[in-house]
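Given chain P, put chain Y in place with the hints provided.
Residue-level listing of the chains:
Number of protein chains: 2
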Amino acid sequence: MCTLKRLAEKGIITEEMKACAEAEGVEAEYIREGIAKGHIVICKNKKNKVTKPCAIGKGLRTKVNVNIGTSKDRLSVEEELKKLEIAIKYGTDTVMDLSTGGELDEIRKLIRENCPVPLGTVPIYQAAIEAVEKHHKSIVEMTVSEIFKVIEKQAEDGIDFMTVHCGVTKQSLERLKNKERILGIVSRGGSFIAEWMIYNNKENPLYEYFDELLEIAYNYDITLSLGDGIRPGCIADATDGGQIQELIILGELTLRAWDKGVQVMIEGPGHVPLDQIEANVKLEKKLCHGAPFYVLGPLPTDIAPGYDHLVGAIGGAIAGAAGADFLCYLTPAEHLRLPTIEDVKEGLIASKIAAHIADLVKGIKGAWEWDLEMAKARARLDWEAQIELSIDPEKARRYRIEGGISQSKACTMCGPYCAIKIFESAYKFLKGKDFSLNDSKS
Amino acid sequence: MCTLKRLAEKGIITEEMKACAEAEGVEAEYIREGIAKGHIVICKNKKNKVTKPCAIGKGLRTKVNVNIGTSKDRLSVEEELKKLEIAIKYGTDTVMDLSTGGELDEIRKLIRENCPVPLGTVPIYQAAIEAVEKHHKSIVEMTVSEIFKVIEKQAEDGIDFMTVHCGVTKQSLERLKNKERILGIVSRGGSFIAEWMIYNNKENPLYEYFDELLEIAYNYDITLSLGDGIRPGCIADATDGGQIQELIILGELTLRAWDKGVQVMIEGPGHVPLDQIEANVKLEKKLCHGAPFYVLGPLPTDIAPGYDHLVGAIGGAIAGAAGADFLCYLTPAEHLRLPTIEDVKEGLIASKIAAHIADLVKGIKGAWEWDLEMAKARARLDWEAQIELSIDPEKARRYRIEGGISQSKACTMCGPYCAIKIFESAYKFLKGKDFSLNDSKS
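Chains P and Y supply the protein sequences, listed in that same order.
Heads up: the first sequence runs through residues 1 to 442, numbered per our numbering.
Heads up: the second sequence runs through residues 1001 to 1442, numbered per our numbering.
Isolated chain P (complex conformation) (with noise of 0.2 angstroms):
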C-alpha cells in the first residue's frame, strides 16, 4: 500500500505517470518529478481505474474542470448524466459532483461509473445534508465522526479529489471580524464548517484531525483540493486579510500532507480584481511551496450575471499566464440558476479557451502549434480545416453555413474584398520589388 506521491519518491515510475506524459508529450520522469516535489499531482483514487488520467501542475497543459449535481430546487440525475456527457464531448480534464439534492450516495455511484476522468467532490456538503435530512438535527449538530464517515464512504466509491475546507480555522475567522466584508463568506462548504465552529465554539474538524484526513487520503491516493472556504465574493473582499490567512495555513497542511505521502492541490478565488491575479497566483505558488492551484474563474468583476463564463475566462486566461495550474469553469448561469446542458457547454468551452491562452504564454507543447495551423489554414484561405482546428467546429461549421457561402472561398464579410487575397497577389510582386528606403516619396 503506497501512494503515487510516494512511489515518486522512490524514484519509481508508474503506469499513471507514463499515460499522462505521453498525453502531455513529455518525459514521463518530468511527471515523476513534479509528483516527488509537490508541484504536479495525478488525481486517482487507488480504487479507481480512471480511463484518462490527467496531470496537473507545473509546466503541464492548464487543465479545466466542470462542476455537475443535483440541487433539492433541480433534482434530475439524467440531466446530470447528459451534463457529464457533454462535459466528457467537449474535452473536459475533471469533473465534480457537487450535487445536494437527492440521494447523493447513487447519483455519486452513477457519476463515477459514467465518468472516465477524475472525479472530485466536496464530502461536507453531504455530511451536513445527511445531519439535516436524514438525522434531523441542524448542521452545527453534525459530529466530527459523521463528517469523516461520510470521507471514508466517497473514498471507498472510488472519488479521486476533494475538496476539503481545513483552512476555515479560529485564526481566519478571527480576520473575518476585524473589517466587515460585503460578503462574508460565499463558498458552501466553508460556511457549513464556519457555522459549525462557531456555534461549537471549536476548532474546524477537518483542521484538527487533518492527521485522520491525511491517513484516508494516503489509503485511497486521494488528492486532497485544500478549499479556500474563505474566498472573497465580491471584488471588494478581494484578497484581504481573512483569505490570505486561510492561505497561510494551506500552505502549511501543504507541507504536512506533503510530508505524509498525500498529493495536494490549493484552491484559490473567486471574485479579483483584474490586477490582483498575478498577485494571488505568485502568492499562492510562494506560500504554498509550488503545490498546483486551482483558481474558480477568477471573476474580474461582479457586474454580468448572465456572462460569468465570459467574465471568468478573462480571469482564468490572467491567472493561468501567471501559472495557475487548473482552473475550474464558471457557466453563463452562475449566480443565477443551475446550469443547463447548454450552459455546461458553454461554459467549459470558455475555460478551454482561457486555458489555451495560458498553455501559448506557458509555452506548453502543441499549443504554438495549433495556433499556427489555423493561421496557415487562413492564409489558404482553408475553409475545411479552419473549421476543424477550431475549438468547437460544430459552431464555427454552423456559423459559416448561415452566412450562406460555405462552398466558395470567400465570407460573408470581406466578399470578393479579401485582405488576404489582395495581399497575396501583391506579395509576390513586393518580393521582388526594391523600394528604396530612403525614396520616401515618389
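Hints listed in this document are in silico derivations from the structure and should not be mistaken for laboratory results.
There could be a bad hint or two in this list.
[To be verified] Cut-off 27 angstroms, straight-line C-alpha distance, at most; resulting in silico cross-link-like pairs (DSSO-like, lysine-lysine): (1) P/K421 with Y/K1072; (2) P/K431 with Y/K1202; (3) P/K72 with Y/K1376; (4) P/K431 with Y/K1137; (5) Y/K1409 with P/K137; (6) Y/K1431 with P/K202; (7) Y/K1282 with P/K282; (8) P/K421 with Y/K1137; (9) Y/K1134 with P/K409; (10) Y/K1072 with P/K409; (11) P/K72 with Y/K1421; (12) P/K52 with P/K10.
[As the list claims (entries may be wrong)] Label pairs and their computed distance ranges (CB to CB): (13) P/H135 with Y/R1380: 30 to 38 angstroms; (14) Y/E1029 with P/E373: 47 to 55 angstroms; (15) Y/H1135 with P/G25: 50 to 58 angstroms; (16) Y/E1085 with P/G25: 46 to 54 angstroms; (17) P/A23 with Y/H1135: 55 to 63 angstroms.
[To be verified] Cβ-to-Cβ under 10 angstroms is the rule here; a few derived chain Y residues that face chain P: (18) K1072; (19) R1074; (20) K1170; (21) Q1171; (22) L1183; (23) I1185; (24) I1198; (25) P1273; (26) L1310; (27) I1318; (28) D1343; (29) I1357; (30) L1372; (31) A1379; (32) E1394; (33) I1420.
Quick caveat: nothing in here was measured; it's all calculated off a predicted structure.
Ideal Cβ placement from N, Cα and C applies to all residues, glycine included.
What follows is chain Y alone, placed relative to chain P:
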C-alpha cells in the same frame, strides 16, 4: 473655423467638452486639457450634431465601438439599421459603418441619420469599391484624387472619425519582405493601399499627401483614427518589425496632426499573445506621445472562431487595464461571416464587460461603486436589485426565471443550502465570540 483641439489649446471649454465631462463625472477643464495635449479626443464632425458626444482617452471610461455594414454577399440596409438600433440600445459608445456592398452613399447617410453616437468610416473602402464597381477599373488604378474626393464626401456627410491607413508606407512594407509572415496583411484597408503601392511603385497617398488629409480633417474637425494596416493577423505574426515600424510612423504623423490642430487616435492589433498585450499598449503610449489607443480585440488566440467575442474580451480587458482607451468589439461571427443582429448584441456586451473590468483597474469614477452595489445586493439576497444592476438585465432575468424560483430568496444553485444565508446568521455570533488566537485546539 476652428477645431476642438485648437479651442482647447486656447483654454476654451466648449459645449461638447462640458457634455463629455458631465457624462464622465470629471471636470470640464480635465477634458479640455486632455484634448489640448492630444491625450483625449472628442469625435465630432462640425457638420454634425452628435446627440451623445463621447470623449475617449486618458483617465476616462474605456469606450467600445460597434462595427456594422453591408457586404456584397450580405446586403440588407434594414438589417444594418436594426444592428445599429441594437448597438445603441445596449450602449455602444460609437459606431463604424464598414459597408462594402450596395449604394454606399445612401447606406452611410441612413446610418448617419439614425446614429446618435459618433460615427466612423474607412473611406478607402468606398474609394476602392467605386474604382471597381463604378469606374470599372482595378483597385490599383484608382487615382489619388478619387481617394481624396471620397474622404471629402464622407466628411461632408458628417462622419466624425475616419480610419486612414497612413502608416502603410514603403518603409513598413520593406519590413514585410525581411521575414515571411504567415498572414501578410489582414487589414482590408491596408491591403487596398499596399496593393496600390506595390503595383504602382508609389508611396501611400494617405502618407504622401498627409497634409492634404489634415486639411480636410481640420476643416470638418474630424478625428483621424490612424489605422494599423500592417497589424498582425495571427499570434505568430504579432509584435513584429512590420507592425512596430508602422507604429513608429503613426507616432510621427500624430505630432504632425497635432501641429495642425487635428485630433488623432491610434489603432492597434489584432492578434496578440496575452503576455505581449501590455507591451503593445505601453509602446503605443510612448511612440505615439499619449494619443488614445483604439484596439481591435486584441485576440490572444487564433483557434476560437465562433467565440472571438470572448477571446477579444480577454484581450480587451488586459489592454484596457494596461491603458488602452477604446475597444473595437468583435462578434462570435468574426472570421466566419458578417454578424447577425444577435451577434452584434453578444459582441457588444462582451466588449462592455471587458471595458468595465479595465475601468475597475483604472479606477474610473463609478466603476467600483457599480460592483459594490452588486455585492451589497447579493449580500441582501435582493434578486431584483441584482438583475437591475446586471450589465444585461434581460438575460439575467431570463436565466433566473428559467431557473424556476423567481419569487423566493433562493436560487437553484444552492436551494436551502445557501452560504450567504448560513454565514449571515452565524456572523452575528462570530462578532460576539472570543476565539483565542492561541487556542487552536479546543
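Chain P contact restraint for Y/E1394 - C-beta distance below 10 angstroms: holds, 9 angstroms
P/K421 paired with Y/K1137 [C-alpha distance capped at 27 angstroms]: Within the cut-off at roughly 18 angstroms; holds.
Given hint P/K137 paired with Y/K1409 - CA-CA distance at most 27 angstroms: holds, 23 angstroms
Given hint Y/A1379 near chain P, where the shortest CB pair must fall under 10 angstroms: Holds, because the Cβ-Cβ distance from Y/A1379 to chain P comes to roughly 5 angstroms (cut-off 10 angstroms).
Satisfaction of the Y/L1183 interface hint, Cβ to chain P closer than 10 angstroms: holds, 5 angstroms
Interface hint outcome for Y/I1357 [beta carbon to chain P under 10 angstroms]: Holds, about 5 angstroms.
Restraint check for P/K431 with Y/K1137, where alpha carbons must lie at most 27 angstroms apart: Holds: P/K431 and Y/K1137 sit about 25 angstroms apart, inside 27 angstroms.
Satisfaction of the hinted span 30 to 38 angstroms by the C-beta atoms belonging to P/H135 and Y/R1380: holds, 32 angstroms
Assessment of proposed distance window 47 to 55 angstroms (beta carbons of Y/E1029, P/E373): holds, 53 angstroms
Restraint outcome when Y/I1185 is required to lie within 10 angstroms of chain P by C-beta distance: holds, 4 angstroms
Given hint Y/K1072 near chain P, where the shortest CB pair must fall under 10 angstroms: At 4 angstroms from the nearest chain P Cβ, Y/K1072 passes the 10 angstroms test, so the hint holds.
Hint check, Y/I1318 versus chain P [nearest Cβ-Cβ separation less than 10 angstroms]: holds, 7 angstroms
In this structure, every one of the numbered hints holds.
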